[in-house]
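K.L.:
Put together the whole structure using the sequences plus the hints.
Each chain, written out:
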Amino acid sequence: MMTPINIAATSVVLLLITGLSAGLLRRNQGLLIRVSFILSALASFMATASGIWTVKNGITEKIILPIGLPDLPFHLRLDALSGFFMTVIGLLSFFVSIYSIGYVKGFIGRRPVTRLVVFYCLFIAGMFMVTLADDALFFLVSWEIMAAASYFLVMFEDEKVENRRAAFLYMVVAHVGAIAILLSFGVMAGLSAGFESFSGFTFDAMRQAQFPVEWATVAFLLAFFGFAAKAGVIPLHVWLPEAHPVAPSNISALMSGVMLKTAIYGIVRVTFDLLRVFPWWWGAIVLTLGLVSAIMGVLYALMQHDLKKLLAYHSVENIGIILIGIGLAMIFTSFKMPMMAALALIAGLYHTLNHAMFKGLLFMGAGAVLHATHERNMEKMGGLIRRMPWTAVFFLVGCISISALPPFNGFVSEWLTFQAFLLSPSMPNQIMKLLMPMGAALLALTGALAAACFVKVFGVVFLGHSRGHHNQNIHEVDWSMRAGMMMASLTCLALGVLPTFFIEWTDVLSESLVGAKLSASAAAGGWLWLTPIAPERASYSGIIVFLGILAAYGIVYVVLHVNPGKIHRGAIWDCGFEKLTPRMQYNATSFAMPIRRIFGFLFLIKEDVQIKKAPHPAFPKRLHYFLRVRDRFWFWIYMPFTAAVFWIARKAGRFQQGRIQTYLIYSFLTLIVLLLVKSL
Amino acid sequence: MILLILLGVPLFAAGVLAFVGDRRLAPEVNITGSAATFAAGVALALQVYEQGPMTAGGNFFFVDAFNVYLAVLTSFVSMTTAIFSRRYMRREREHGRVGHVGMRFYHSMFQLFIFAMLLCLLTNNIGVLWIAMELATLSTVLLVSLYRTPTAIEAAWKYFILCGVGIAQALFGTVLLYFAAEKVLGEGGDALLWTNLSQVSDKLEPTVLSLAFVFLMVGYGTKVGLVPLHNWLPDAHSEGPTPISAVLSGLLLNIALYALVRCKTLVDGSTQSHRAGDIMMWFGIISIIVAAFSLLRQKDIKRMFSYSSIEHMGIATFAFGLGGPIATFGALLHMLVHSLAKSSIFFTVGHASQMHRTQEMDRIRGLIKGNPLVGWGFILGTMAIIGMPPFGIFTSEFLILTATMKDAPLMTPFFLLGLGVAFAAILRKVQFMVSGDAPSYQKPMKAAHLPVLVHMALVLLLGIYMPDFLNQWFHKAVEILK
Amino acid sequence: MEGIVVEILQVTVLIALAPLFAGWVKMVKCRLQGRTSPGLLQPYRDLKKLFSKDIVLAENASWIFRFTPYLVFGTVIIAGAVVPILSTDLPLSLTADVIVLVGLFAIARFFTALAGMDIGTAFGGMGSSREMMVASLAEPAMLMAIFTVSLLCKSTSLTRIAEVISSAGFIAKPSLAFAFLAFVLIAIAENGRIPVDNPATHLELTMLHEAMILEYSGRHLALIEWAGMMKLFLFMAIGSALFFPFGIAATDNIAGIPAALLFLVLKLGAAGVALVLIETGLAKMRLFRLTEFLGGAFLMATLGMLSFFILE
Amino acid sequence: MDLQTVSQINGFLAAFVLLTAFGMLAQKRIYSLIHLFAWQGFFLSVNTAIVAYVAGKHHLYISSVMTLSLKVIVLPYILHILVVKLKIRKEAETLVNIPATMLIGIALVIFSYYLTAPVTELSSLITRSTIAVALAVVMIGMLMMITRKHAVTQIIGFLAMENGLFFAATSATYGMPLVVELGVALDVLIAAFIFGIFFFHIHTTFDSLDVEQMTRLKEGD
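Residue numbers (this note's numbering), protein chains in the order written: chain A, 396 to 1075; chain B, 1385 to 1866; chain C, 788 to 1099; chain D, 40 to 260.
Worth flagging that the hints you see were computed from the coordinates, not collected in a lab. Do not rely on the hints blindly, as some may be mistaken.
Unchecked claim - Pulled a few chain B residues facing chain A out of the computed Cβ check, cut under 10 Å: (1) 1579; (2) 1594; (3) 1675; (4) 1750; (5) 1756; (6) 1757; (7) 1774; (8) 1779; (9) 1803; (10) 1808; (11) 1828; (12) 1829.
Cβ coordinates follow ideal geometry from the N, Cα and C atoms, glycine included.
P.N.:
This is how it looks when you write it as structure tokens:
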């Protein structure tokens, strides 16, 4: 029977089968790649379709599988929320799967492709299962399958030590997070149905339950900790910029693009669906951490010169922006302002989708660059726009979108977030009123810095002259990779210019979670105008901006080209300076210098310049510049923690100190003590 | 009848193997013997599954849901271990680490050991239970020192002395138990029969039983390897030949725990309090924490996994101490999946250390590249043992954790702390061993594939689907242990 | 219908008068510094000259470099179509509220900066880097100032704000005063005037905006220069719309347009003089003193915000 | 003879057993240790025999004979042989000095009396008062294993514990069921052979039976 959940389940099964049977085609890897990635693309497409369908019609369906624990079988449920996230995940993994056909070809003969394929499929399947899960056990199982699969994918190029370190760090943080999540589910289950039966572990039971606020707080904090660890919220982000870059780029795209979103899903699910009622300060916590992550994330990103690491830090930033929306939604909900909550929530979710798209796109682009140049260090790139025109265009689209510039999608969601911020004066809470606009300003700062960062990225990677070795065989990537990136870019544009359709689509979602529709007002002025509250309040029409710019461009162009002056190609002028070499260009480090100067106090910066003296001090022979920017949180949080653990471990080692007499004494004393305890 | 076969086969095989010695067919005989044992075990299980608990040999033997599933497990793991040891021991022989006296000794003692364990499980007599336990210890002591290296001998000596002392205390406990029982059941052998004792447990003298339990706890606890009675375990499990480590970690600990739990139910029955349970919980939690932290600084691969055995036994003990249907169910499941996973890990570990001719983890590298099956078996087994879904251990730990949150919420953080640290500690080492390029000194070898595959398959299966008969069994067992 | 007319009128006014305003500023400046001025119409002559010249394009210039001038010009025109320069009766004003307006300027800047890096000269990169730095500090302050006003008017749509403020004559609000101060500082920064940047300089190391467009020539340069003038003009218009909206013709009051035009000219004249006073009064700052300058702007805006919540 | 005298005899024998235990604790020379151990076994078997006679438990005769043969003859003999074979001249020095050990031993006796008091009350047997002694012997055996560094002495301590257990069985319950007794005896026998083998292994690998050398297996710091 064709219902959304069946389609979704089918796609999961299809993925699992594809993954587990990948070994059969081990011999013919070219075929293996084509078959498995086309199949996974198909599965992702099915999932997307079912997700869109679910959200559109507000369907809610359940399946109970006959597996799992005897008293706690696996519950599956596809409702608006999971449908939405399924769409997000499915859409990107569809693009990436197509992209991978070309990308993974590059590994044949160099790396174990089969392993990549197997875990790729498991990874996507895991993410789908997370969105489908409707009881704590199945959720955790899927969650950890996802984590484990991505762990092996991060370890893919395992001969490099830093990859292994990154993978390990990632896995440990993820697992600690999972433990916290498990605990929070435990708390909720205990409060909902008691531990006598397992029924408490189904989400339905939790939905029915009424939680006393202090226990609800415990549950929320645990869950938020767990999910934040997965989402890379500062200060739990340290694993992220290590792990995401070292994975193959199609995987990085999925990890940054959608895996982090499963954490967002978890937060929304737990707060808005399971706990439902909460005090405003929960939202304040989420909002604050969101702001911190956003601003710190983008600043750290600016300091990077490793392309993929930079993008990874931007994921931290964007997760922060998403959390801002969700935090606002929580605050508004706790103040019983459904309409505004809906606005903030939709802003957050919209940015979730947008970030999935453009971050996926950017990582695919980075992958294409990597694929062509075998280089991740931006300081060695430059001028790629001439070698890889298509990739350049798509990457540029990604840059514009992530920098929140109209008319692309990143702008819309941030614009909605701003609107949500501007509604804060209607809150009853005074201090919130005062602080909100500051948050808005920080968000603005984030956006501006992101723009700066991506000028740097695009300028350094694609423009100018090549800074590194001029290897001639850099070439444009093949059709499948281009297709993947193109579809992503088009989606970015579409989401940017036609926001109203998205908002109408998500009506069910906002209604089921916060009890208010946005479309009533948001699309009041017709599909053309996005008017979140009321037309006179604020309005935006991406498509008109887009077409308007195009039109103005066209008119001016035509006007000027009725009789155009000639164009001479000439040498670079550069104020008449002749001996210009590529090494005189600004590179990533120098581009970020002013901002590094301004915000330097946030980092651990080690910088020194060695000048080789020459006959005359004014003309040094050679100048060696060393710069190292490090993350303070590493030293604040992680170092002390590990140190403590190892200290305890040393103490525990004392038990086993080799002399049999001592062991006998242990046993003897244990006996004596127990006897005393018993007889007392 | 089946029961006698089940016990007779290993004993007979032990004799035969002592005679066969180091001939070419010895491993095959070994395998056949344990296969037959396994067959008998399954048959017995079916019988019990259909007809319910039964006694045999004039009340000398007693089979119920609790011990029959352990019996099947024991015979199964010993069979797979025998299969594994065929290739493994041949390799050791080639390396000249064991002479043919050693091989003769190894094979027959292996079977004798299995016999002792089965006797432990199936006997109805608490005294005989003790004797069999001692026998199991004695039959493995010399296997631990099989390699005659100084460390091996040291380990075996510690094993011998510490377990001897421990078990002696258990005997004192048994005497006290008998002392109390005889008041109720009159003198003679019947007073030590589990079947009778469990009937009248509420009439037994509480003061005596609680005194007895202390001795039994320390005694059998030593064999379970609970902190602070555990010190022999890492040495003994790491110095012996790997098949022995596999069965010691996988089976013998279970058996000791079985004995402990049997006694505990009696004591609970008489004292009508949760005293015994509390003691076990404390032992469990301490074992978990100490073992987890000790894991962090291990250098020897087998030693590390011995510590992880301590940790998991701690978990099971904790759960049994916790009591209640969910926890007991979880504990039973945990015993099952742990022994499957742990033994299969030891299989792969054995091959790994043979490929590198060392047990030092720093020198073991690139297993996946060197031998995919060993590598993947190892890393997946590790994933299972550190409690990643979808493997069975996650399920059991999930159950136990649930029960903990219900009955002993304050213990939960420590429990989880232990699990978390153990996770990090083991993964940290293992991923470096499986990943990377194969080092120059790594020698390729033919690994015994079947055992690893079967074990991992079972662990995975139990993680996502629990067959109905197993479910019923566990529920029956839970009833028994209530 | 007349809405369309007004739109077209506005855009033409913007395009036509922007150079004039620039010329006016130049002229007043010269007078103030006791030089003879090139006259009010000099900017038109410059543009004409540039348009008639051929383009010399660096051999490695990519399409970004050639695309940028048109884009910049286009965005400024769109911006002009939504800012109530003459009238609030703008059908397109729904298209973009003030946040989008900031976004529009941002995208223009984004591409200008890319163009600066396209050729791969040292100066281009320097210009882009510094420009983006200044922008990243200016934008939050700008939005902060705007938010103050929009919180006051419960709207972010410029026309709406203009209507509200002109209808209710509450000019004398501390929050508005602070916001206005902040806005002035930002306007200076955004348009690269002294003390932030010196449009007239050709000393490379002190250039910000100029450095980015160093390689441009011919009509490309013309478009960029023109767009620059229009941007300055627009900022003045935005300022008037936000803070002194009197005189701007209200909806369906086509008759008010001429008067509005007159008012506009007067306001711009005054604004020009004020700008010149600032520029001649101050010297260009060192790059890293700008943080203080823009920080000050941000502070002003924040104070405006706080006083809105506390005092009003 | 009447129960009175029996219980007195029993008490005396118990006292002797305890005395031998303390003797072993104090004794340094291995030969004397072995002799003391043999004596202890002898007292045990006599005691068992008497109990068997009084209580009319015939299977206790068997275990008494077993004790006699095993713990008075076989084990001391084996130990003796080993000591001679392995040329163990060296005195078994202790970790803690003798008087201190003694004090601890006495403390243990008191403690075990305190522990077994409730059990004793429950018992109706004439031998009940000796349960405390049995437990004390067990603990003293353990103490001996702790305080001695020599493999042989450790084993003797171990066997002393075994004696204590056996004593406990007889005194608390007139002995365990026969099958258990036999099994235990069997185990002891096997154990004897095993430690016999061990002595050789240890001696060949470490060329002395000092267990202090066996401290390689530990958590390296």
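K.L.:
Compare the structure with each hint and give your call.
P.N.:
A quick look at each hint next to the structure:
no., hint, in the structure
1, 1579, "27 Å, violated"
2, 1594, "6 Å, holds"
3, 1675, "8 Å, holds"
4, 1750, "8 Å, holds"
5, 1756, "9 Å, holds"
6, 1757, "12 Å, violated"
7, 1774, "5 Å, holds"
8, 1779, "7 Å, holds"
9, 1803, "7 Å, holds"
10, 1808, "5 Å, holds"
11, 1828, "17 Å, violated"
12, 1829, "21 Å, violated"
Hints 1, 6, 11 and 12, counting from the list given before, are not met by this structure.
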